[in-house]
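**Student:** The residues making up each chain are set out below.
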Amino acid sequence: MTSLVEVKKLKKYFSSARGLLHAVDDVSFSIQKGKILGVVGESGCGKSTLGRTIIHLHESTGGTIQYNGKDITNPSAKEIRQLREKMQIIFQDPYSSLDPRMTVEAAISEPLLASHKISARKRREEVTRMMEMVGIDERLRYAYPHELDGGRRQRIVIARALILQPEFVVCDEPVSALDVSIQAQVLNLLRDLQKKQNLTYMFVTHDMSVVRHISDEICVMYLGQIVEKCPAKQLFEKPLHPYTQALISAIPSVDIHPPKNREILSGEITSPINPKPGCRFCARCRYAQNQCHQPQTLNEVEPDHFVACARVSDNEL
Amino acid sequence: MNSKDQSAPFLEVKDLEVFYSAGKQKVQAVNGVSFSLQKGRSLGLVGETGAGKTTIAKAILRILPHASATVKNGQILLNGTNLLSLSEERMRDIRGNEIAMIFQDPMTALNPILRVGNQITEAILHHSSMTKAEAEKHAMEMLEMVGIPAERFGEYPHQFSGGMKQRVVIAIALACNPALLLADEPTTALDVTIQAQVLHMIAGLKEKLGTSMILITHDMGVVASSCDDVAIVYAGQIVEYGTLEQIFDHPSHPYTRGLFNAIPSMNIDQEYLEPIDGLPPDPTHLPEGCYFSPRCKYAAEACKTGNMPVITTADGHLCRCCQYNLVAKDEKK
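Just so you know, the protein sequences line up as chains A and B, in that order.
Residue numbers for the first sequence, in the working numbering: 285 to 601.
Residue numbers for the second sequence, in the working numbering: 16 to 348.
Keep in mind the hints are simulated off the structure, nothing from the lab.
We put the CB at the ideal spot given by N, CA and C, even for glycine.
Do not rely on the hints blindly, as some may be mistaken.
Cβ-Cβ distance ranges computed for the label pairs, FRET-style [unchecked claim]:
#1 B:260 - A:515: 32 to 42 Å
#2 A:365 - B:80: 41 to 51 Å
#3 B:146 - A:327: 52 to 62 Å
#4 A:383 - B:126: 47 to 57 Å
#5 A:343 - B:344: 58 to 68 Å
#6 A:398 - B:106: 30 to 40 Å
#7 B:102 - A:298: 26 to 36 Å
#8 A:500 - B:289: 28 to 38 Å
#9 B:344 - A:423: 30 to 40 Å
#10 A:385 - B:284: 38 to 48 Å
#11 B:260 - A:400: 23 to 33 Å
Computed far set for chain B versus chain A, every beta-carbon distance over 10 Å [unchecked claim]:
#12 29
#13 39
#14 54
#15 73
#16 79
#17 102
#18 124
#19 152
#20 223
#21 277
#22 281
#23 338
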């Protein structure tokens, strides 16, 4: 298996009035071609910034990004243009990611205008093909976004992202603005397209049930760092990092028997501005000890199961 | 207030109908909703965007926009008094005092240029005869009760995290010890670990103060962890009503089934999910017959005309579906 995307020690800092905000800090992983990597975490953990940095919507502060074995950390303007055809993004909110003054056809075909010299007729054919693929009725070709519901708008955003036939798609919370019945329709569509076109997804979400459903492998992020990484099923059967355990325990379950014994975290999230070395979760962690104030590394504690926690080997967690 | 006999429900909503008008268009937001709530219990109102959940809560508190919303029909009885017939002045005494509301988005529910302590004190001063000093002391107690140190009384909302802001909103809502709490998606804007904290806190306070609650949410998981009774709302109607166990163990309406089936499972591996086909109806042109029938796989001829009656399938378990026998035969996922 070859990895399509590989990042090593990737860093993205933003400068703020109070100091450097460590949005993504020393993140390393790779995604195999045709696989779905889920990235899960709470708001502000850097999961969206990570996705955007990989596809060069942000420039990284440090570390390397490889695509298909080629280093793309510092691409030229021309290389970026070529990369954009191969790497696309689906944004969270279909209400703000579509131009309200562009029709469905204009929105879907815009990437073609930007990168290909093809005839207007061919362009219309391509739009028809994409509309069929994502399930938008032909009668809506000249409709505007305000005439459409959230589910349909998200289908248009998907069509627009896939029209250039990319290989790698960052899905940034693509279903979190949708109701649960519509969410299921869009998740099925994304899975279907991924299989048919052998796409590789980085699927960013805060929803644990969605990430379990869609991913092959999952990274759990906390304040800019990966704290746990393993195959999707394993993460839910045997979460090892105390944060992952708390996160899974906090999901409101629809199973009312037996009543869930929930672990309630206390304390507030530490600030990502000028963070101290050491585990960033330790202020909220019930297992925290002195050794947790040292920098943590992501170690393989079981085959394919990586955890960044000094206390995981103490067999008490 | 009238004192009725003990068994009478504390809150009773009867045949509530609300519509919004926009130009010549009439949006039927709430179409004949009836339910009752006993003292100290919590009812979950579950439904998707636009189902009319928030409109029901706003109608109870009488804070619907005057210009566009009309309550066409119905009664809202709180301890036997019809809120809809009270004067605006009397209603102002009830709001924030007997009935309080927690809004969805804590970022917009607080005034950004007032200190949080003063925002809590304001509600207390309005509804009690306390002096300013007494009210401030009580506000500090409320802050402590929701887990915020009293020293932060003089800070502004932007100095608080999202979860803490929502706790301030809850402190304001509970400051006058309301008998009824309307919680409109109180945790939707929060992260899941913070959501767990806030739900845990609401449950604890409810128990301590004996408050009744209507919890509005689209999240079945939140209902499972916080409610005694559940009403499923679709296109402005309650399509199913029962206890938590009745709804979660024996969902009888095809829409309720669909909602459960569309949630990705945490235990079973599924390649594809089971969505509900189609889209919720346009509230300006509701379909004939059962409002869910165009999306329903059980729909028969009988479903396509007339008003769908409410059927009692078990003790207190109500379902607005004539095909519920067929639905019951299918295994729940």
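**Student:** Take the hints in turn and mark each one as holding or not.
**Tutor:** Against the structure, the hints come out as follows:
1. Distance hint for residue 260 (chain B) and residue 515 (chain A): a CB-CB separation of about 35 Å, consistent with the stated range 32 to 42 Å.
2. Checked against the given bound of 41 to 51 Å, the beta carbons of residue 365 (chain A) and residue 80 (chain B), roughly 49 Å apart, stay inside it.
3. The given range of 52 to 62 Å is broken by residue 146 (chain B) and residue 327 (chain A), whose C-beta atoms sit roughly 41 Å from each other.
4. Between residue 383 (chain A) and residue 126 (chain B) the beta carbons are some 34 Å apart, a value that contradicts the proposed interval 47 to 57 Å.
5. Checking the proposed 58 to 68 Å range against residue 343 (chain A) and residue 344 (chain B) shows it holds: the Cβ atoms sit about 59 Å from each other.
6. As the Cβ distance of residue 398 (chain A) to residue 106 (chain B) is approximately 57 Å, the hint placing it in 30 to 40 Å is violated.
7. Residue 102 (chain B) and residue 298 (chain A) have their C-beta atoms about 54 Å apart, which leaves the hinted 26 to 36 Å range violated.
8. Between residue 500 (chain A) and residue 289 (chain B) the C-beta distance comes to about 21 Å, which lies outside the given range of 28 to 38 Å.
9. A C-beta distance of roughly 38 Å is found between residue 344 (chain B) and residue 423 (chain A), which places it inside the suggested range of 30 to 40 Å.
10. Hint check: residue 385 (chain A) to residue 284 (chain B), Cβ distance near 43 Å, so the stated range 38 to 48 Å holds.
11. The hint said 23 to 33 Å for the Cβ distance between residue 260 (chain B) and residue 400 (chain A), and at roughly 59 Å that hint is violated.
12. Interface exclusion of residue 29 (chain B) from chain A stands, the closest Cβ pair being 28 Å apart, more than 10 Å.
13. For residue 39 (chain B), the condition that its CB be more than 10 Å from all CB atoms of chain A holds, with the nearest at approximately 18 Å.
14. Every Cβ of chain A is farther than 10 Å from the Cβ of residue 54 (chain B); the closest lies at roughly 23 Å, confirming the non-interface assignment.
15. Consistency note on residue 73 (chain B): stated as away from chain A, and its beta-carbon is indeed over 10 Å from all of that chain's, at 20 Å minimum.
16. Listed as outside the interface, residue 79 (chain B) is consistent with that label: its C-beta sits roughly 23 Å from the nearest C-beta of chain A, beyond the 10 Å cut-off.
17. The non-interface label for residue 102 (chain B) is consistent with chain A: the shortest C-beta to C-beta separation is roughly 39 Å, beyond 10 Å.
18. Interface exclusion of residue 124 (chain B) from chain A stands, the closest Cβ pair being 18 Å apart, more than 10 Å.
19. For residue 152 (chain B), the condition that its CB be more than 10 Å from all CB atoms of chain A holds, with the nearest at approximately 25 Å.
20. Consistency note on residue 223 (chain B): stated as away from chain A, and its beta-carbon is indeed over 10 Å from all of that chain's, at 17 Å minimum.
21. Look at residue 277 (chain B): its CB is around 4 Å from the nearest CB on chain A, not clear of 10 Å, so calling it non-interface is violated.
22. With 10 Å as the threshold on Cβ separation, the claim that residue 281 (chain B) sits away from chain A is violated: the shortest Cβ distance comes to roughly 6 Å.
23. Its beta-carbon lying about 19 Å from the closest one in chain A, residue 338 (chain B) satisfies the requirement of being farther than 10 Å from that chain.
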